[in-house]
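So the protein sequences, as listed, match chains A and B. Using the working numbering, count along the first sequence one by one with no gaps and you end on 102. Using the working numbering, count along the second sequence one by one with no gaps and you end on 102.
Be aware that a few hints might be false.
Any copy, or any two copies together, can satisfy a pair, since identical chains are not distinguished.
Using 27 Å as the maximum straight-line C-alpha spacing, the simulated BS3-like pairs for lysine-lysine come out as follows [as the list claims (entries may be wrong)]:
#1 Lys92 - Lys20
#2 Lys20 - Lys66
#3 Lys92 - Lys11
#4 Lys11 - Lys66
#5 Lys31 - Lys49
#6 Lys11 - Lys49
Think of the hints as simulated: they come from the structure by calculation, not from any bench.
Number of protein chains: 2
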Amino acid sequence: MIVTFVHVWVKPENIDEFIKACKANHYESVKEPGNLRFDLLQEEGDPSKFVLYEAYESEEAAKAHKDTLHYQTWRDTVANWMASPRKGIKHKILCPLDKLKW
Amino acid sequence: MIVTFVHVWVKPENIDEFIKACKANHYESVKEPGNLRFDLLQEEGDPSKFVLYEAYESEEAAKAHKDTLHYQTWRDTVANWMASPRKGIKHKILCPLDKLKW
């Protein structure tokens, strides 16, 4: 299992449409067979800063996400709304290790 | 619902015991009635950097966590193993909003 934090800094004037595009991506991503979590978070105190918390049961499942139409639509839709390039940071999951508990 | 990322930088010589203490905290924390997620993550490429991903159904539930014996035991146990002060960053959860989907 693998988690990626995707940190996104959004231009203030695009926040509302960014959230809308992320929600559409969320609702499709959680249907992917290898997806465990796909949380959309907005930082308290900085509404232009977001984190996508993406957990997949394998590297292959995480890579397959990149091949989906909903991911590619999201990527292209939000590209010009970012104030700076997004940053993905991969993590190993130590707990929980039982998928059923997720 | 609220999420806190707790970023922790651990002294290299204390990594193994830090993980052990965090796992003990994890297994008790997920039993709390207001807890939604309590993930322990280790950064790829930097095994001394950890993130605790803590989701609670309310501010009150998040505060109640601080009153538990398992939290206080963790806090006191790991205090001297940190290479620098831990940093908690609060986030608003935009998706998922249905607790049942967590």
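Status of the hints after comparison with the structure:
1. Lys92 - Lys20: between (29 Å within a copy, 15 Å between copies)
2. Lys20 - Lys66: For Lys20 and Lys66, only the intra-copy Cα distance (19 Å) is at most 27 Å; the inter-copy one is 34 Å.
3. Lys92 - Lys11: Close across copies (18 Å), not inside one copy (30 Å); limit 27 Å.
4. Lys11 - Lys66: The answer is within: 24 Å in one copy meets 27 Å, while 35 Å across copies does not.
5. Lys31 - Lys49: within (25 Å within a copy, 31 Å between copies)
6. Lys11 - Lys49: Classified as within: same-chain Cα gap 9 Å, cross-chain 29 Å, threshold 27 Å.
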